[in-house]
Amino acid sequence: MTTDLVTQHSFASPRTLDTATAEPSGYVFEAAGLEKKYDDGRVHALRGVTFTVTQGEFVTITGPSGCGKTTLLQMLGALDRPTAGSLLYRGNSIPDLRDPSIYRAHEIGFIFQAFHLLPTFTALENVQIPMFESDLSISERKNRAVTLLQSVGLGHRLSHFPAKLSGGERQRVAIARSLANNPSVLLADEPTGNLDSENARLILELIVRLHREQNMTLMLVTHDMSIAQRGSRTIQMKDGRIVSDRALTIAAD
Amino acid sequence: MTFFTVIVRGLTRRPVRTGLTLLGIAIGIAAVVALVGISRGFNQSWAAGMKARGTDVVVSNMASSLIPKPFSASVRDRIAHLPHVAATCTLLVDVTSIENAEMMMVSAREWGGFAWKNLKLISGRMPQDPTEPAVVLGRTAAEVLKKKVGDPIQIETRELSVVGIVDGNAWVENGSVILSLPLFQEITGNQGKINIIDIRVTPSTSAKDVELLCDQINRLVPEGRAVVASENISNSEASRMVRAMSWSTSLLAVLVGVLGVMNTMLMNVFERTQEICVLLALGWKRWRIVRMILWESALLGSLGGVVGVLIGAIGVKVLGATPAIRGLLEPDLSTSLLAVSVAIAIAVGVISGLYPAWRSSRLTPSRALRG
Chain A
1 MTTDLVTQHS FASPRTLDTA TAEPSGYVFE AAGLEKKYDD GRVHALRGVT FTVTQGEFVT
61 ITGPSGCGKT TLLQMLGALD RPTAGSLLYR GNSIPDLRDP SIYRAHEIGF IFQAFHLLPT
121 FTALENVQIP MFESDLSISE RKNRAVTLLQ SVGLGHRLSH FPAKLSGGER QRVAIARSLA
181 NNPSVLLADE PTGNLDSENA RLILELIVRL HREQNMTLML VTHDMSIAQR GSRTIQMKDG
241 RIVSDRALTI AAD
Chain B
254 MTFFTVIVRG LTRRPVRTGL TLLGIAIGIA AVVALVGISR GFNQSWAAGM KARGTDVVVS
314 NMASSLIPKP FSASVRDRIA HLPHVAATCT LLVDVTSIEN AEMMMVSARE WGGFAWKNLK
374 LISGRMPQDP TEPAVVLGRT AAEVLKKKVG DPIQIETREL SVVGIVDGNA WVENGSVILS
434 LPLFQEITGN QGKINIIDIR VTPSTSAKDV ELLCDQINRL VPEGRAVVAS ENISNSEASR
494 MVRAMSWSTS LLAVLVGVLG VMNTMLMNVF ERTQEICVLL ALGWKRWRIV RMILWESALL
554 GSLGGVVGVL IGAIGVKVLG ATPAIRGLLE PDLSTSLLAV SVAIAIAVGV ISGLYPAWRS
614 SRLTPSRALR G
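Chains as they are written, first to last, in this note's numbering: chain A, 1 to 253; chain B, 254 to 624.
This is chain B alone, in the form it adopts within the complex (with noise of 0.2 Å):
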């Protein structure tokens, strides 16, 4: 028999118990996975998305939404000339709910614009002036909008025609219906107005440069935001609203735990105080004690965090293949992310236990003695 024996018969005395705390602990983990999964990969959706389109630098006014604000077309007027800047594309981007679909992503682009070149056909072709009332769909909107080529589709008032599917490279490319700029600025009443420009470097450009860039735009356009286009999203007050709020949900989640493991631990102490006196009257010394308590809710946390991994892994990827959110976010499941999980789990089963254990050392031997 190991002292891991004396561990695990100490968390499976109660079964029921043990097992309803650790559902608890693992609720919490899940809420974490979640939560930080999503938001982080609805960042780097984006960032991948962009990615995939050759953009350097976005041009922006991110505000506190998710989607940017819309602001004159002539801006980019002012940029296009600047050093460094090899081209521009203007785009309007919304989230909108099209036929059964409540939130996708439609990415309306400059005709001609170099967001378009990444487009690579599956099936069908591209719209061929931009006055068609035509779309290209993304892959896995095509999938979740069930539409093929020739269907027509709906977009706000206006029906228009699906006649091509796309492989954009990315995530949030692929979940997106693409169409021409000046058809999306008529059917949504935005004549003359983008809310994105997309801005490609020219190739010697360095890092510095890059940054120097965006802050001469700054200068330039009070309307939007020029940033490097990976942290483009993640330096949104929208988005650090969405961190700030998943952390924040998923700690108040996490505390719930804390307390529901030091709940356990505490009424496994008061149940076993006749047995840990009679360890103490056998000559196990007080630290042995503590450490048992805290490796009994060590374990705990560790076992919860494992199997609120695997809860929140399975649950986000479910959410993720939803038709409400499908093709707007891959969610993050990094490993990093999933190790953070597991260590905050094996963080709140030693904290839970600390004070239990610190009950437990106090307990005098002479008890064993005594009934």
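Looking at chain A on its own, in the form it has when it is part of the complex (with noise of 0.2 Å):
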């Protein structure tokens, strides 16, 4: 596989945030006091959440189901607003963004459990399609997205649809269209979670070579003890609350 497909970023200041106003920290991530709660308070998600993450990190957030795993990686993607506390991305106010769609875009990366891809456009329209929001041309955007599928190793499957690829391809599509707009962080959900041991170990490699030859901030959710274990960085949660948070001293391959 070739891993030459996008450029390594300098991380210098965020290239289209709209919170100007904010001092460079140094931290990529930093939230402090973050709460979230739903249905008027009833279900408390996140409870005083306090946390920094550096450029480079590879931090795995780990825990049992309704920990509050998938909610942190919700404010971290500004996909929703906590109800208190603050989250800053390199000193951004994240719930304060202006256009939270343009920090989507061009910061974020997302790769989910379920792999999300549309149903009706192939492997490489799918991976084309965050790209609608980048200045690229159509040109442009269709031979990054073919770089970006033979990085992965599906350079055979272009004009494939989800529906004729196997769970681990489809993942792979989605790991392709998470790097499309060049994102300085990776959030990944569960991303083997609907895989089989074996593709579930290569798309773990998968990312992990990503975030190493891309020097990408990488935050993934996951159950799996044995997964949360490759990260530079483990973070445990339990009802809502960080209940430990250590540097390993491998990030092994």
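No lab work stands behind these hints: they were computed from the structure.
In this text, a Cβ means the ideal position worked out from N, Cα and C, and glycines have one as well.
Hints may be right or wrong, so weigh each one.
[Said to hold, decoys possible] Here chain B is said to cover these stretches of chain A; the calculated rule only asks that three of the stretch's residues, wherever they fall, bring their Cβ under 8 Å from a Cβ of chain B:
| no. | segment |
| --- | --- |
| 1 | 105-115 |
| 2 | 120-126 |
| 3 | 131-140 |
[As the list claims (entries may be wrong)] As a list, the in silico DSSO-like pairs of lysine-lysine whose alpha-carbon atoms are at most 27 Å apart:
| no. | chain 1 | residue 1 | chain 2 | residue 2 |
| --- | --- | --- | --- | --- |
| 4 | B | K446 | B | K370 |
| 5 | B | K400 | B | K370 |
| 6 | B | K538 | A | K37 |
| 7 | B | K304 | B | K538 |
| 8 | B | K570 | B | K400 |
| 9 | A | K142 | B | K538 |
Put the two chains together into one complex, using the hints given.
Printed below as a string of structure tokens:
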């Protein structure tokens, strides 16, 4: 597989954010006292979550079902707003972004457990979907999508629709799609959760390799402790709280 | 891949549903084309017939029927001497069933009047005197009635003879059975009655003078109403009623189309909720989602419009060729009507897409991570 699909990020400043008043803090993410309540407060998904993430870290977030992992990922990806607390991306308050779509399109790459490929589009077209929010021309979008799919080993599956791809192949397409706009952060929600063990291993290797080669920050939610051990750091959650946050000595291949 | 590709894929994901919705709009638009085209065509055919007869002003009592009410032929005497009146010709016109033709225009004309002059003989001859039991047929009428020169023709209880086939240089004229006024008055028991006075004005008469002449006639003749020939039918109450009915029926059909498209687009949005949330999560702006839904809806409408115009135009042509109404009217399938119909269809699409688009813009991207 080729790997030189994107240039590495300098991350001196976010390219597209519109809360320009922030002072650079050196952190990619800074969460302080993060709270999230649903259903008029009956569900307390996050309770005073505080942490920081630096550039290039591979952070795994683990914990039992309902502990708030996915909710936290939603906050980091500006898919939802916290009820209280502060959450900064490179010094910019995520909840206060005037246009979160710009942040999602250009700073974040999402990888979902259920892949979420669009069924009526080919692999090549699925990868181009996020690029509509970029300045790339039609031919540039196509060329970049081809390069990305080749980099995840799917150069021979360009014109296949998701229904004709295996689970592992679908997740590869989704990974290629997450890299479409050259994001600086990858947010992965149980990326191997719907795969058999062999495909899960291969997908994890791919994500780890991309993270390492492109110096991206990787936040990966998993309930699988063996996967959690692959990060440079693991945050364990329970009942909406962080119960442990520890660096791991080896981010093994 | 272009944004248009995304829009087309949105519609083709459920081809049967999209096709049926498209057909629904198409039927609505076909109704617009057919009904409005026929009502406009009726007016234009009458106007063309009068123009072909060389008529500038028409005196008649259209009231609320499509055929004018009869009045005394003596009314002509009050008009003939007025300034700017060059000639008059009295007529008794009716639409009636003749033999196998359910609706046929019968145009009885004052013997020697100018309304005979535009008729060009194709075969046979003209009637020789006003009492001769003879008719000439417009060429379309001859085809519809399957008559040739020398054939008998039954009008009401009288059997007459077809003595000539004529070209009247207008759809209505060619679709008419033409005979002398006294003969038809006798046949129908309308002795001394007419229902139209055609007036030809002197060559130098200005449009304003024609209007003044109409006003003058209207004061003198309470039995009828004088109008400029081109406006005769379109100003009649019956014509206005037909127009109103054709537009209201068309709008009803269009409304059904709107509901159909809205239902389809709403279903589309509901079914694609997860997908739309994923698009938002991938960084698509809400405005792009709204545009996507509106474009899909507009494309559905415009395709329905094009198909509807085709169905309507073909339907009207087929209808116009049926023996029942052949020769009575020439449907107006002008470019303007077809363009307006397609524009209505596109508007239907856009309007129908507004609510689904608004619904889609309210979705939250966090749903992408659920399920």
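Right, here's what the structure says about each hint:
no. : hint            : verdict
1   : 105-115         : holds (count 6)
2   : 120-126         : holds (count 4)
3   : 131-140         : holds (count 3)
4   : B:K446 - B:K370 : 22 Å, holds
5   : B:K400 - B:K370 : 23 Å, holds
6   : B:K538 - A:K37  : 26 Å, holds
7   : B:K304 - B:K538 : 60 Å, violated
8   : B:K570 - B:K400 : 23 Å, holds
9   : A:K142 - B:K538 : 21 Å, holds
In summary, the one numbered hint that this structure violates is 7.
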